[in-house]
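With the sequences and hints as input, model every part of the structure.
Those protein sequences? They're chains H and X, same order as listed. Once you know that position 178 of the first sequence is 200 in the working numbering, the rest is easy, because the numbers rise by one and skip nothing. Once you know that position 46 of the second sequence is 1427 in the working numbering, the rest is easy, because the numbers rise by one and skip nothing.
Rather than coming from a laboratory, the hints here were simulated on the basis of the structure. Everything numeric in this text was worked out from a predicted model, so none of it was measured. It is possible that some hints are incorrect.
[What the hints assert, rightly or not] Covered stretches of chain X, going by a simulated chain H footprint (3 or more residues, C-beta under 8 Å):
hint : stretch
1    : 1552-1561
2    : 1566-1578
3    : 1693-1699
4    : 1733-1740
5    : 1743-1755
6    : 1762-1769
[Said to hold, decoys possible] Calculated pairs, DSS-like style, for lysine-lysine (alpha carbon to alpha carbon, straight line, at most 30 Å):
hint : chain 1 : residue 1 : chain 2 : residue 2
7    : H       : 189       : H       : 215
8    : H       : 239       : H       : 164
9    : X       : 1463      : H       : 247
10   : H       : 85        : X       : 1556
11   : H       : 275       : X       : 1457
12   : H       : 275       : X       : 1494
13   : H       : 247       : H       : 275
14   : H       : 78        : X       : 1494
15   : X       : 1463      : H       : 275
16   : H       : 187       : X       : 1511
17   : H       : 275       : H       : 189
18   : X       : 1463      : H       : 78
19   : X       : 1746      : H       : 275
20   : H       : 247       : X       : 1769
21   : X       : 1556      : H       : 195
22   : H       : 74        : X       : 1511
23   : H       : 209       : H       : 164
24   : X       : 1769      : H       : 140
25   : H       : 78        : X       : 1608
26   : H       : 164       : H       : 85
27   : X       : 1608      : H       : 74
28   : X       : 1457      : H       : 78
29   : H       : 85        : X       : 1769
[As the list claims (entries may be wrong)] Only part of the chain H face toward chain X is listed, based on derived beta-carbon distances under 7 Å:
hint : residue
30   : 65
31   : 129
32   : 188
33   : 226
Glycine residues also receive a C-beta, built at the ideal position from the N, C-alpha and C atoms.
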Amino acid sequence: MSKYLVGIFCVCLVLPAYGLTGREIVQRMDEVADVQDGSREATMLIERGNQKLVRKMRMQNKKFGEDDRSLIRFVEPADVRDTQYLSWTYDDAQRDDDMWVFFPSENLIRRISGGGKKGSFMRSDFANEDIEERAVDDDVHKLVEEGELEGIPVYLVESTPIPIKAKDSNYAKRRVWVDKARWIAIKVEYYDKRDRLVKRLTQGGFEQIDGIWTATKLIMETPRKKSRTLMQYSDVRYNVGLEDGVFEQSTLKR
Amino acid sequence: MVYLSKARLSVSFLTCLLIGAGELAAAQDPFDFDLTASESSNLAWHVSGYVESRNQYFEDSNNWNSNRVAGYVEVKWEGEEKAGLQWRAYGSVISEYDEETRDYRDPARTEVKEVYLLRDGDQVDVTIGKQRVAWGTADGVSTIDRLNAVDFRDPIGNARTASRRPSWLVRTEAKLSSGILEMVWLPRGRDRKLPEYGSPWEPADLRALRNQERLGLISLDLEDPHKDEWGVRYSSYGEGIDWSVAYFNGYTDGGVDLKQVGNRLRFTPEHVETINVSGALGLTSSTLRAEVAYTTGLVVDGVTNDIWQVVLGWDRTFLANLYVNLQLFYDERTATPDDYGATFVVSNNAFDDAATYGLRGQVGKDGQLAIEGYFEFDVRDNLTLSTKYLVFDGEAGTALYDYRDNDFLELTLRWDF
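Here it is as structure tokens:
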């Protein structure tokens, strides 16, 4: 009997080392992708019926301690060229993000609120909230299962936004398939409050850039609208030593 | 009818299978796309612009106020960044043709909108040229947006904001650890333009004087003396809140003093000074905006006033795209009755965000209102169709009274390149 008890005790000691929780998986993804700064060019092709819309932008981001700052500068379409969005995102889920938009036609820097996060990002299938950095503790994460997705060993994690984040989100939960080897999401499904599938993101074109596994091609689909957006990143660079001043309002110029 | 032999049929069947398999393989790789294939190289020069047709129909007089065709080109140059220093240049030109304005304005006109050279340094930026620079945090009515003159020849930006003319200026911005210190000098003052004689935007008082001049009863001197103007602003952008303090030393824009000099009547922009404090507070889903300003020497109805101005604003996006913006303003004047009112916008998107529609405008005391219903539709990536219906009203003696017969329907088609 004592042998069995010792055996059970040993199994209990060993189990946590192998069985990761949902939060630990997401934390690991965050750590693996942890870079001091980065920049990339992004091109979006929105396919909606017969319509094809093209968007181009330059994205830069940098860590400030536990917080993140990002700058998006639009290149296309022509009518929004040089419009820029500056965001300061805080790791503390209780703190509101700070956001500004720069309008080149008036040389005006204008503070905006996070109320528009549910809206579409440049008419694409991405919402504004899909583009921004998401802190690990903005959601509660649950490991649903381990398995394979198209031959790739994966964790399936279900992430539910914490109440303060839920009210500014389109989604009641996200189901994330995480590549076990590269610690990167390869598929995300977004569900609304009625547990209906809203959107599906598939990531591919994986490249190891400066030691960081990066999805360079993304496909966001909205089945209800029969619409999808292809996004491709190019000229991706990490840890390039971007200066703090890049993420200050004084740099917002045409 | 076409008959196929067995051999040809089997070859065709095999071909179909192979093609089908190929398509299947392609379908299995959803990432078989390259959006960067057509990307241009990182050029230092950028050229863009638009061609636009704008038609305005005046409802009250049942005539076309404007059938304008415009071509707009902007050129931008960015030099290579060396040791934290970068030079940039920008220029934009608009050419217009509007037959409907022939009675009071040359129907064909070309104008430099903006042209400037920017020295973007580590600590100090310097801009020299002609530029639009908006100050203040409030929308609709700002108490410190004084660096650019209202374009009284075509004054309606939309129902709540006036269109403004870029100014020739020297602008210096010092990047401090706590904020930005900005100094602007307009060596020739703002680029003021009065509405032409006979224009529908010409105030009745001005038209009466011009009529008297044409009858030889008076002599008018409407030339802007182009005295220099300047302003300084300190802005701080931080976590949760932005604020700024600004000072402007210049001359009136819309309000001008009529002085008798010898036997001539002279319109002279009056000297004004404005001190302003502005702030914007970010809340979870909304933004609060506020401005307080004290201006000396502002001419209202021909009377010189010192004015305290307060603007309080709030804006928020509900759901995904339902945007609401409300700004209240109050002017306390020393010599003429106080003024107050509100500006507003309510807008939403439709058709997968291809369309934006809404209501915006301003309401004020003595029945003043300018309200606009609008609908903008992105037909394609670079093709926009928009329409608006704008109404004005106000009691006699108010600023909007002169526009009361100018309600118009506008249709605009614009192609960007």
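For which of the previously enumerated hints does the structure constitute a violation, in increasing order of number?
Per hint list: 2, 5, 9, 13, 16, 17, 19, 21, 22, 25, 27, 29, 32 violated.
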